[in-house]
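So the sequence lines, in the order shown, correspond to chains X and S.
Letter 489 of the first sequence, counting from 1, is numbered 489 in the working numbering, and no numbers are missing.
For the working numbering, add 530 to where a residue sits in the second sequence, where the first one is 1.
Accuracy of the hints is not assured; some may be wrong.
Stated by the list, open to error - Computed footprint of chain S on chain X, listed as stretches where at least three residues anywhere in the stretch have a Cβ under 8 Å from a Cβ of chain S:
id, region
1, 76-84
2, 326-340
3, 476-490
As the list claims (entries may be wrong) - Counterexamples of contact, computed for chain S against chain X with all Cβ distances above 12 Å:
id, residue
4, R598
5, R643
6, A712
7, A783
Unchecked claim - The list that follows gives simulated cross-link-like pairs (lysine-lysine, DSS-like), each with its CA atoms no further than 27 Å apart:
id, chain 1, residue 1, chain 2, residue 2
8, S, K595, X, K431
9, S, K725, X, K47
10, X, K307, X, K123
11, S, K762, S, K615
12, X, K200, X, K123
13, X, K200, X, K250
14, S, K725, S, K595
15, X, K420, S, K543
16, X, K420, X, K431
Calculated directly from the structure, the hints in this document are not laboratory data.
Here a beta-carbon is modelled for each residue, glycine too, at the ideal position from N, C-alpha and C.
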Amino acid sequence: MTDSATTPPRQPMAALPGGEVTEEGPMLAADGRPLKHSLNRALRREKLRAFLLVSPLLIFILVAFVAPIADMLFRSVENQIVSETLPRTVAALREDQNLPQAAPGEPVYEALYTDLFIAAEYKSHTRLGSRLNYEMTGLSSLFRGTGRDVGRFDTDIYTDQFIEAEPALEDPVAWTNWMEQDEIRAGLPFTADAWDAWVKLTVEANEDDPLEEDVEDFVYTALYRDLANGADPEGFPDVDVSEFETVSIKALFEESDEDWVDPEIWQVIKTYSPAYTDGYFLNSVDMMNGPDGDAQWRPADEQIYLKLFWRTMWMSLAITFSCILLGYPIAYLLSTLPLRSANVLMILVLLPFWTSLLVRTSAWKVLLQQQGVINDTLVWLGIVSDANRLALINNATGTVIAMTHILLPFMILPLYSVMKTIPPSYMRAAKSMGANDWTAFWRVWFPLSVPGIGAGSILAFILSIGYYITPEIVGGTEGVFISNRIAYHISSSLNWGLAAALGTILLALVLTLYWVYDRIVGIDNVKLGG
Amino acid sequence: MAGLPPYASTGQKVWHYSYLVICAAIFFFLIAPILVIIPLSFNAENFFTFTPEMLRLDPEGYSLKHYRDFFGNPDWQVPLWNSLKIAPVATFLSVALGTLAAIGLSQPHVPFRRAIMAILISPMIVPLIISAAGMYFFYSRIGLQGTYWGVVLAHAALGIPFVIITVTATLVGFDRSLTRAAANLGAGPVRTFFKVQMPLILPGVVSGGLFAFITSFDEVVVVLFVGSAGQKTLPWQMFTGLREQISPTILAAATVLISISVVLLVTLEVLRRRSERLRGMSPG
Numbered sequence: 001m002t003d004s005a006t007t008p009p010r011q012p013m014a015a016l017p018g019g020e021v022t023e024e025g026p027m028l029a030a031d032g033r034p035l036k037h038s039l040n041r042a043l044r045r046e047k048l049r050a051f052l053l054v055s056p057l058l059i060f061i062l063v064a065f066v067a068p069i070a071d072m073l074f075r076s077v078e079n080q081i082v083s084e085t086l087p088r089t090v091a092a093l094r095e096d097q098n099l100p101q102a103a104p105g106e107p108v109y110e111a112l113y114t115d116l117f118i119a120a121e122y123k124s125h126t127r128l129g130s131r132l133n134y135e136m137t138g139l140s141s142l143f144r145g146t147g148r149d150v151g152r153f154d155t156d157i158y159t160d161q162f163i164e165a166e167p168a169l170e171d172p173v174a175w176t177n178w179m180e181q182d183e184i185r186a187g188l189p190f191t192a193d194a195w196d197a198w199v200k201l202t203v204e205a206n207e208d209d210p211l212e213e214d215v216e217d218f219v220y221t222a223l224y225r226d227l228a229n230g231a232d233p234e235g236f237p238d239v240d241v242s243e244f245e246t247v248s249i250k251a252l253f254e255e256s257d258e259d260w261v262d263p264e265i266w267q268v269i270k271t272y273s274p275a276y277t278d279g280y281f282l283n284s285v286d287m288m289n290g291p292d293g294d295a296q297w298r299p300a301d302e303q304i305y306l307k308l309f310w311r312t313m314w315m316s317l318a319i320t321f322s323c324i325l326l327g328y329p330i331a332y333l334l335s336t337l338p339l340r341s342a343n344v345l346m347i348l349v350l351l352p353f354w355t356s357l358l359v360r361t362s363a364w365k366v367l368l369q370q371q372g373v374i375n376d377t378l379v380w381l382g383i384v385s386d387a388n389r390l391a392l393i394n395n396a397t398g399t400v401i402a403m404t405h406i407l408l409p410f411m412i413l414p415l416y417s418v419m420k421t422i423p424p425s426y427m428r429a430a431k432s433m434g435a436n437d438w439t440a441f442w443r444v445w446f447p448l449s450v451p452g453i454g455a456g457s458i459l460a461f462i463l464s465i466g467y468y469i470t471p472e473i474v475g476g477t478e479g480v481f482i483s484n485r486i487a488y489h490i491s492s493s494l495n496w497g498l499a500a501a502l503g504t505i506l507l508a509l510v511l512t513l514y515w516v517y518d519r520i521v522g523i524d525n526v527k528l529g530g
Numbered sequence: 531m532a533g534l535p536p537y538a539s540t541g542q543k544v545w546h547y548s549y550l551v552i553c554a555a556i557f558f559f560l561i562a563p564i565l566v567i568i569p570l571s572f573n574a575e576n577f578f579t580f581t582p583e584m585l586r587l588d589p590e591g592y593s594l595k596h597y598r599d600f601f602g603n604p605d606w607q608v609p610l611w612n613s614l615k616i617a618p619v620a621t622f623l624s625v626a627l628g629t630l631a632a633i634g635l636s637q638p639h640v641p642f643r644r645a646i647m648a649i650l651i652s653p654m655i656v657p658l659i660i661s662a663a664g665m666y667f668f669y670s671r672i673g674l675q676g677t678y679w680g681v682v683l684a685h686a687a688l689g690i691p692f693v694i695i696t697v698t699a700t701l702v703g704f705d706r707s708l709t710r711a712a713a714n715l716g717a718g719p720v721r722t723f724f725k726v727q728m729p730l731i732l733p734g735v736v737s738g739g740l741f742a743f744i745t746s747f748d749e750v751v752v753v754l755f756v757g758s759a760g761q762k763t764l765p766w767q768m769f770t771g772l773r774e775q776i777s778p779t780i781l782a783a784a785t786v787l788i789s790i791s792v793v794l795l796v797t798l799e800v801l802r803r804r805s806e807r808l809r810g811m812s813p814g
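Here chain S stands alone, though its shape is the one from the complex (with noise of 0.2 Å):
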């Protein structure tokens, strides 16, 4: 599809430029939605549509006043907090023990390697509102419903198979004479690890750390079951608002994580580039 030949006929050029617009519509569908987002949080009413004024550019129809209100309001503000101390916590725990694993899982003789795989892997298949009815009910019973270390460990749950799966991947190209390399110039175990080991595979844990912050970031699901008032995340409070009554400080919401995607994406593409490139310089 790499442009038309110049013996093209009409036809084929017909055909060629239709099928540029349907893809074009198609990625103004994927895009589009997201991006009417932006413009929206600026309204100066509380509306949820453009008014004539925004239509005109005229000053007057756009304002902060919903990011005043997201930034201001303890309703959001609250949430916003909970979120940031729940997702580094369940990002941490995620990271420490997947590495852990993702290094034990990459050795040779591992015994029942496809069963615990599937086992690490299972939170991810698992559809989310199964794993949280089954946490309610479990956690309820040993009383860690509704608790900060509840949602903690659930989210870290949810994190782990993003962290193996990323980590191992990494391990792949992780090349085993370097640490052998180490532990032959007298280096023990543990140095080899945060000298030969850690650097190397060090983009794959970031990556696997950043899917498992989002997850915890952005999850609902398992929040609204596991967790009580006191726990409630960012996304709890959209989904209450978008349930009940909806205020437009949600789109404000809503553009400050899309700007955090935006972020994410681009350091997951700077890490991915990073980790080729030391592939590259790693011998084998």
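Just chain X, same shape as in the assembly (with noise of 0.2 Å):
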């Protein structure tokens, strides 16, 4: 943007009247600086005015709504809890050869031992039940239950062999200076990182000195297979431990819960173990990632999402449709009366477009109820009978009708301001040329006011595919959205990542059909109400 600024061209700038060539180079301004350059400062000290002016607002909202937004896209594929609770038992998945056709190997098992002891102890493994759940029901309690079990496995009859080889072994002390050598570190793995887990562990978690604790079984553990392994590091007391009573963490798991060593378990918690997954957004649309890997169809019985999304769709259009229909006529009305008695009439239509959307939706539960006003009307003028009262609310139709008064005037002003545009001479035109009321109507002014019907249909259409307050009132299960769906996964099953994922399908769905809004109507061209 500066670069050319500053460097002015070699050739003269002006041309003196005779076709003489002016010798002093670029033109000046007051202050001795080339003018172009002058003037290229002012422009931009004027944008930088105007950029400042913007940019509080700018970040307001590029922190209290954009990133709001951005969190939930990132949450709709984040799914570090697998990775951040389970880190050995991930890390020995991968190594592991046995999945899927058999249970993994003990490598497997001895990792999860320690993962589930130290998350057991922070409560995180709850959290991490419910969330491989939504991919495999029983999950959950499973690792609930196995969180219980797992601080009174059998693994103590390691620590009571070392202690008894070896009463050094005991002495929380002597264990910080021999972890503090990397030799013995490097020489003993496992029994390093149990070791600095369990310090993090009685230090955060249960706020002690590690100093003055018993060091619990499952570094111990560590350590024997550390040994078992071979290792010898110098510095670190010698223990034999070939002729140890051993235990198969395995078989502790499979005494906890048999179904610890079903393969397709593991398969799951394989599955979802990266950090980021399409799991969610394959749940949105039914499907799920089976346990060889590929997305496939989910049980007929659990498939509701695409069902929803298809209703939401057709609901919206339903209601888009009694717009136009109801529309329509007070729209063509309004803009052909003359200006004054139209200004009164079109109170009718801005009333209850500045009514609160709760007074609205209380209205229509207040009247469309079985003991309601519109009932007792009809029952009372013998159309339908007292036994046979329709039901109009907690259904499709509760929700078609309240939601169509609602989104009426989001259709009649954009259909209006189109249509007064259009001169009305142009219906004299074609009845003097011998049309009919109906030909002039349909060939003429039906076409012109297309681009209103345009626009208040998209309007219409985007404001009811994501309204949450008044299906969730009147719309019983039958007339719910894919809104209604995503509030329960916030607030009550608290599927958080689902919730995500459905929102971001919703969000590309309105932002495409806002593209079209203003690829046709032009977002500037939003009336309010005015």
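Once you've looked at the hints, go ahead and assemble the two chains, each given alone in its own frame, into the complex.
Printed below as a string of structure tokens:
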């Protein structure tokens, strides 16, 4: 932006009358700088000032609004909970060769033992269980149950045997000394890792001093693993573990819950171990990651989201269509009446537009009830019998009626502003050339009003597919939209990832429609009921 | 449609009057649900329909008991005050930041103008449930979820597009030679703004502010997620009432809100006329 401004052109700028060219070079401003330079500086300053005026709001919106949306997008693929809660297990699973045919080997269970022991102390295993339960039912109770058992596993035989063989191993101060020596740490990798985890756990979760606590069983179990692998680091007491009584950790897990040797469960853990997942998006379209890692359909009884998206779409279409049907005659009337009477009637459109959404929704809740005003009137008129009152609420009908009422002004206002621009003389011209009323309307007026229908429809449709409050109150179970499901996942089922994925899909849909709207009408032409 | 010509045929007459009847029916559909709330709110019984006494216009059938409940019961008064504590602060934030930005955006040379505009308008475009979800996730991360300021910030963000749209629309008709004249006469930028520009764009600023206020005052989806029980607003209370145990006091609350809407509508109309008059006066 600035480069061209700082290098003034070499050739003379201005030609004098008579074709002569001045010798002085670039034209100068009053302060002696080149004029172009000076102008550019002023322009730059003006740009900067405009930007400074905008920036407080821009920063505010970025923090208060754009960052939350970005956070939602991030959460729809984020899946760090598995690798954060079970880091060792995830690493061990990567090495494992048994899956998917058989349950993984002993090293995975040993890693899981350490991970789950620590997770149970932090109480984070239940959260992991709920997370994995979205992918496979039963995992929540599996993690909760074994989380309770894991502290009482029979691994204390290692602890006892080590302390019997070398009493110094009971002393946390001696441990601290050993674990500060790099050669020992390198020689005993599992032990060092387990020790660090234990120290962290003792300080963070239990707020104790590691130097005064008994070292936990899982550290000794890790030590046994290292020594059984043949490690013999210098400076660490020599303990012969070949005669030790052993216990299979896999068997301990199986004893706690036999599901732990089910390869399917392990396949789920392995599939969801990466930090990012497409699982939530697959779930949003009734799919899942199958055992072989490919996407596949969920069982038929768990397929709800495509149906819900489909219902949201067709109900929004129905609402939009009713809005056109009811809005068109009104807009036509308003645009053909003299301005004064049109303005008076406009109040009847603007009052609902300005009335609180909750007021209008309460009105419909009251009116549509079985014992409400509409049913009472119909019974009084004799149209329906008292026994067969119409079910107008808690179903799709209720949602369509109430939403049509709420969105009707959004259809009438753009229609009206388009129709206002159609010169009435066109209709008169058509009639003077022999068209009857219908032909004049259909061949002349209607085509000219189509942009208004387009603008109003897109607006009503966009507003309707994202609606939450009204369907929640008058929709029952059959008249709810995808938004209600998003709210349900945020506040009731706590499956935030799925809520974020559904929200992302809805957002993409709405933005696409807005892009279309912008192409057809232009965002700047959004009228605010004036 | 301005009346029938005297030579209209019978068919045309029939069509013309049936069309007017259809329009009347649609207007009835638009306005009746709101109007019917008002008499029902004076019901002496706890019913949501007209009692025989009410239909006979018997004074016995009418009472103010739902209004007494609304104005006396803390279940309604606390939310009403919460709404009145949140909406003005959110409005102030939107108007202050929004007006400044609108003035910046109306300068002739703004870099990335379209992109900035799109970002600033986005809270109006994104469905509320998505804004609510995102804010819930993000505000819980930074500790704003369930706090007064969390709700105020969220509502201010939602109100900003309305301020931007109305104020930029007013600035389109603003004659920039007026500010140059003020500068020429020795006024600094701040003095020019408050003495020259502000009085002229005030109608736009106030109507933008009214939109922002009503957005915050009526908003329920975002506050449901971002707020906690301590920030329960009036629409929230109505929403819970409608979803769980519906009490007729809700009709009294609705009537009060309808009166507020009418006042706002009239104010906006007056402002619009004043703005048109002012624009007619200013040269250019």
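* Asked: Given the proposed pairing of K762/S with K615/S, does the C-alpha separation stay at or below 27 Å?
  -> holds, 11 Å
* Asked: Per the coverage rule (Cβ-Cβ under 8 Å, at least three residues), is the region 326-340 of chain X covered by chain S?
  -> Holds: 8 residues of the region 326-340 of chain X have a Cβ under 8 Å from chain S.
* Is K307/X within 27 Å of K123/X, Cα to Cα? -> violated, 37 Å
* Asked: Given the hinted pair K420/X and K431/X, is their alpha-carbon gap at most 27 Å?
  -> Roughly 20 Å separates the two Cα atoms, so the pair holds.
* Taken at face value, is the distance from the CA of K431/X to the CA of K595/S at most 27 Å? -> violated, 60 Å
* Verify the proposed pairing of K725/S with K47/X, using a straight-line Cα cut of 27 Å. => holds, 24 Å
* Examine each Cβ of chain X, and state whether all of them lie more than 12 Å from the Cβ of A783/S. => violated, 8 Å
* Asked: Quick one, are K725/S and K595/S close enough, alpha carbons at most 27 Å?
  -> violated, 50 Å
* Is the Cα-Cα distance between K420/X and K543/S 27 Å or less? -> Between K420/X and K543/S the Cα gap is close to 24 Å, so the pair holds against 27 Å.
* **Distance rule for R643/S, whose beta carbon must clear each one in chain X by more than 12 Å** => Violated, since 9 Å does not exceed 12 Å.
* Asked: Is K200/X within 27 Å of K123/X, Cα to Cα?
  -> Distance of about 15 Å is within 27 Å: holds.
* **Stated coverage of the region 476-490 of chain X by chain S [criterion: 3+ residues, CB within 8 Å]** => With 4 residues close enough to chain S, the hint holds.
Checked against the numbered hints above, the structure breaks hints 1, 5, 7, 8, 10, 14 and satisfies the rest.
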